[in-house]
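Could you build the full structure based on these sequences and the hints that come with them?
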Amino acid sequence: MIRHLFIILIACSLLAASCSTKIISTNIYQEQKENLNNIESRYEKLNPRNQFSLAFTDKKFQIVSLEMITDTLTRIYEFNVNEQRLSDTLLKYNYDTAGIYYLIRKMQQSKVTWINSFDYYVNDQPQQLIILSLKPKTIRYIFSPPKYIALAYFRTTQFFDEKGRLLDNRRTKRVRKIKDQVFYKITDRICYTITDKYR
Amino acid sequence: MEKPGSFYPGRSTNFCAYGALSYLVMEKDPLGYVKFMNELYDKGEANFNNNHFKPSNAVMKAAGTLKFKGVLDIRHAEQMWFLVLADKFKGYLNFFDKKFDEGDENSFWAATNLAKFDRMVNKMCGVHVKAVGSDLIKPWVKDTYSYLSKRIDSNTVSLYINNRIIHKKNHDKIKFSIPTHFIILRQISKENDMITLRYWDYGGETQMQVSPGTLKKIIFGIITIDK
Numbered sequence: 001m002i003r004h005l006f007i008i009l010i011a012c013s014l015l016a017a018s019c020s021t022k023i024i025s026t027n028i029y030q031e032q033k034e035n036l037n038n039i040e041s042r043y044e045k046l047n048p049r050n051q052f053s054l055a056f057t058d059k060k061f062q063i064v065s066l067e068m069i070t071d072t073l074t075r076i077y078e079f080n081v082n083e084q085r086l087s088d089t090l091l092k093y094n095y096d097t098a099g100i101y102y103l104i105r106k107m108q109q110s111k112v113t114w115i116n117s118f119d120y121y122v123n124d125q126p127q128q129l130i131i132l133s134l135k136p137k138t139i140r141y142i143f144s145p146p147k148y149i150a151l152a153y154f155r156t157t158q159f160f161d162e163k164g165r166l167l168d169n170r171r172t173k174r175v176r177k178i179k180d181q182v183f184y185k186i187t188d189r190i191c192y193t194i195t196d197k198y199r
Numbered sequence: 001m002e003k004p005g006s007f008y009p010g011r012s013t014n015f016c017a018y019g020a021l022s023y024l025v026m027e028k029d030p031l032g033y034v035k036f037m038n039e040l041y042d043k044g045e046a047n048f049n050n051n052h053f054k055p056s057n058a059v060m061k062a063a064g065t066l067k068f069k070g071v072l073d074i075r076h077a078e079q080m081w082f083l084v085l086a087d088k089f090k091g092y093l094n095f096f097d098k099k100f101d102e103g104d105e106n107s108f109w110a111a112t113n114l115a116k117f118d119r120m121v122n123k124m125c126g127v128h129v130k131a132v133g134s135d136l137i138k139p140w141v142k143d144t145y146s147y148l149s150k151r152i153d154s155n156t157v158s159l160y161i162n163n164r165i166i167h168k169k170n171h172d173k174i175k176f177s178i179p180t181h182f183i184i185l186r187q188i189s190k191e192n193d194m195i196t197l198r199y200w201d202y203g204g205e206t207q208m209q210v211s212p213g214t215l216k217k218i219i220f221g222i223i224t225i226d227k
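Residue numbers (my numbering), protein chains in the order written: chain A, 1 to 199; chain B, 1 to 227.
Everything labelled a hint here was simulated from the structure, so no lab data went into it. This one's a predicted model, so the numbers in the text were calculated from it and none came from an experiment. Note that the Cβ used here is the ideal one computed from N, Cα and C, for glycine as well. One thing to keep in mind: the hints can contain errors.
[Unchecked claim] Subject to a maximum C-alpha distance of 16 angstroms in a straight line, what follows is the list of computed EDC-like cross-link-like pairs (lysine to aspartate or glutamate):
#: 1; chain 1: B; residue 1: K3; chain 2: A; residue 2: D71
#: 2; chain 1: B; residue 1: K169; chain 2: A; residue 2: E162
#: 3; chain 1: B; residue 1: K67; chain 2: A; residue 2: D168
#: 4; chain 1: A; residue 1: K163; chain 2: A; residue 2: D196
#: 5; chain 1: B; residue 1: K169; chain 2: A; residue 2: E67
#: 6; chain 1: B; residue 1: K173; chain 2: A; residue 2: D71
#: 7; chain 1: B; residue 1: K173; chain 2: A; residue 2: D168
[As the list claims (entries may be wrong)] Residues from chain B that face chain A, not an exhaustive set, calculated with beta carbons under 7 angstroms:
#: 8; residue: G70
#: 9; residue: I74
#: 10; residue: K169
#: 11; residue: H171
#: 12; residue: Q207
[Said to hold, decoys possible] Which chain A residues face chain B? A few, computed with CB under 8 angstroms, are given here:
#: 13; residue: K59
#: 14; residue: T72
#: 15; residue: K173
#: 16; residue: D180
#: 17; residue: Y184
#: 18; residue: K185
#: 19; residue: D188
#: 20; residue: Y192
Shown next, in the form of structure tokens:
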């Protein structure tokens, strides 16, 4: 009896290990390049005026979590995109309502689950990058984690090793991890990673 | 020191408990913090409120080298402070990872459970700490909102919460019900059956609205600290 149980346990763990989630399309950035770059550049224009981040917290891309960030306070609200409260809130805090609605629509179309800006430092000088996460079509097995593709848009040229991994700077070979993830080169200033969290 | 509330435990680290502790330390004894950091910098060891700190070599080497953690990157003293606290205080979550290695600021080496947090606050701030709840089972409190609002004016209240519910990171509906984050509750109010929370974490205040049900669901520990 114990032997059978042991064999079943081994079979189950082998099955779970071999059945990781698979992303159907391997070339999402190239397929949606124009839309994704458009979302990033639109966000880059809107964000400095009044900092914010957007995340879709449901699979149908109808519930949006809006973070409105100031120096003293971050306000977090969750809305259905069709709710009047969303535009009321944006108006109340002087956000570009039309611009953010446009961004929301574009994010829905391209299945972008999250967009945010990150600060980081080079030689003690603050720099910014924009991260957006995509929900790709996947084949998912029971117990396997979800998969997202995160794209990091830097403002300046970055350095990569021979494996295409993002490096800390030109002089070191230290791999730079963002949110504990290794990122891989797409272009000189755009890189990607596959992760089980969208933010 | 000009902005004591700006202590930033870093992006993607497990330093949130030490961040909440720093908030309390800065409230109780900011001068003690400065003296401690100076002594630590000069001698490599120091005392804070009768707690002796002598960080390991690995921790001393790592302080100032943490990267891509937001503004913590350029706050080397804060890196030292968080690393020293994590090196000194241990709980059962740190049982299998007691020695610092590179990248451990994101791992179980830096993790904090409820009892460890209570102990740290008690030892570092020298105040009475009363906690309800646990690492796995939520507190037996009938009305969470009333419980919190009764205490917030006369005490400092810290919460041990499951941040994954209010700050979702994936679209799975089934989530492990475990606490992940320590915050300092600053204000709480109720209107039309929606509760507005204002809390401190990550160097600033956050305001959000939750239903009474969600509030009950996210809280695993309520730590009441004497002012």
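task: Check each numbered hint against the structure and report the violated ones by number, ascending.
output: 2, 4, 6, 7, 15, 17, 18, 19, 20
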